[in-house]
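My request is simple: use the sequences and hints to build the entire structure.
As they're listed, the protein sequences go chains A and B. The opening position of the first sequence corresponds to residue 3 in my numbering, with each subsequent residue numbered one higher. The opening position of the second sequence corresponds to residue -6 in my numbering, with each subsequent residue numbered one higher.
Simulated from the structure, these hints should not be mistaken for lab results. The structure presented is a predicted model; accordingly, all values stated were derived computationally and were not measured. Take these hints with a grain of salt, some might be off.
Derived EDC-like pairs (lysine to aspartate or glutamate); straight-line CA-CA distance at most 16 Å [stated by the list, open to error]: (1) Lys(-3)(B) with Glu21(B); (2) Lys139(A) with Glu171(B); (3) Lys43(A) with Glu111(A); (4) Lys59(B) with Asp43(B); (5) Lys33(A) with Asp144(A); (6) Lys(-3)(B) with Glu25(B); (7) Lys170(A) with Asp69(A); (8) Lys97(A) with Glu110(B); (9) Lys139(A) with Glu172(B); (10) Lys162(B) with Glu110(B); (11) Lys97(A) with Glu82(B); (12) Lys112(B) with Glu88(B); (13) Lys97(A) with Glu171(B); (14) Lys113(A) with Asp171(A).
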Amino acid sequence: MPCKNGLWSGTKGVIEMGLKAYTGEGWLLTKAEELINWGRKRSPWPLPYGTACCGIEMMCALAASYDMARFGAERPSFSPRQADVLIEAGTITKKMVPILRRIYDQMAEPKWVIAMGACACTGGVFRTYSTLQGINKVIPVDVYVPGCPPRPESLLYALMKIMEKIEKDHPLRALFDREIGQVDLRSCP
Amino acid sequence: MSLKDEVQNCLGSLVVAVSECQGDLSIEVARENIRVVLSKLKDAPNLSFDFLSDLFGVDNSELYKKAAAKPAKKAEAETAPAEPPKPQEFPPRFEVIYLLLSLKTNRRLQVKVRVSEEKPVVDSVVSLFKAATWPEREVYDMYGIHFNGHPDLRRLLMWEGFPAYPLRKDYPLEGRGEERHLIYE
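And the structure:
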């Protein structure tokens, strides 16, 4: 590949290597965990769980003008079984708690949760008998987004924070611990 | 003939009290008579209050408590009371209020019944107005007032098994720590 820009010269070799690997002539080396993280990071399919006005702002972030699909949140998944990131946008009443918990339980691992808006984070202005004072009382939360409601940019930032978190993940560590960590090394010859 | 006279002609001695505020007529009837009164108002050809626009409950306990405390303070400020203040008689704690609208004549009427805390039961008006189904469930949910003859008297907003009636004035705004959990069978 001809590369006229001087800035590119450092990475030229890498790109050529990548192209060769792509056409079947060469190799690319990486770590399995990094490859898995790279894939997960680029496709965090969201499960929109809008229960109040934050839901409207989330729709705006998903739709054309903010276009969350740019970050790989390509398809809002309305089935918890095919979703990675639960975006909990809005007030959760105590009556709603079993439904939220069941939906979270139905999501396949790995899963992440964004608590969007003051109500989801702390109960917001609804300090009453009927409102859950923060969804972290029911399900684990990865990123809290403050605001009433937050702007779509905040939600995009939260998704980027989730992506940063995915990057630091060790998806094979549990497997390693389970499969290899159980072997007693002293018994090996 | 004004609406007040028409209503009084129609109901006669069933009306316990009448009041008018800013041109809106409000009548009070006995708890036992609410179904008779509403059906009479609905069927009277000159009134025909055929539309129930709302039905709700009121808890007056705090109001009565304040009213009871007020005269005692006044007596203290003046001189020593000549005689111990009599325990005041207050009407029953709860009210159920029916807002009626006549689609024919475009007039409105407020009908009120008073319900005591000891016997919080009112006859259901679902057989007259289907629109009363959910409001009666809400009043049951929030105040614990039962409606005799309601076809499906369940809680409307709080979940089944919620241990209190949250719009009663003695219930704290932040609740008493009631929580709902997911239980897998």
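Results of checking the hints against the structure:
1. Lys(-3)(B) with Glu21(B): 12 Å, holds
2. Lys139(A) with Glu171(B): 13 Å, holds
3. Lys43(A) with Glu111(A): This hinted pair holds, its Cα atoms lying about 14 Å apart.
4. Lys59(B) with Asp43(B): 38 Å, violated
5. Lys33(A) with Asp144(A): Status violated; Cα separation ~25 Å.
6. Lys(-3)(B) with Glu25(B): With a Cα-Cα distance of about 22 Å, the restraint between Lys(-3)(B) and Glu25(B) is violated, given a limit of 16 Å.
7. Lys170(A) with Asp69(A): Distance of about 25 Å is beyond 16 Å: violated.
8. Lys97(A) with Glu110(B): Judged against 16 Å, a Cα distance of about 27 Å means the pair is violated.
9. Lys139(A) with Glu172(B): Roughly 11 Å separates the two Cα atoms, so the pair holds.
10. Lys162(B) with Glu110(B): Distance of about 12 Å is within 16 Å: holds.
11. Lys97(A) with Glu82(B): 40 Å, violated
12. Lys112(B) with Glu88(B): 13 Å, holds
13. Lys97(A) with Glu171(B): Holds. Lys97(A) to Glu171(B) sits at ~11 Å (cutoff 16 Å).
14. Lys113(A) with Asp171(A): 12 Å, holds
Hint compliance for this structure: hints 4, 5, 6, 7, 8 and 11 are not met, and every other hint is.
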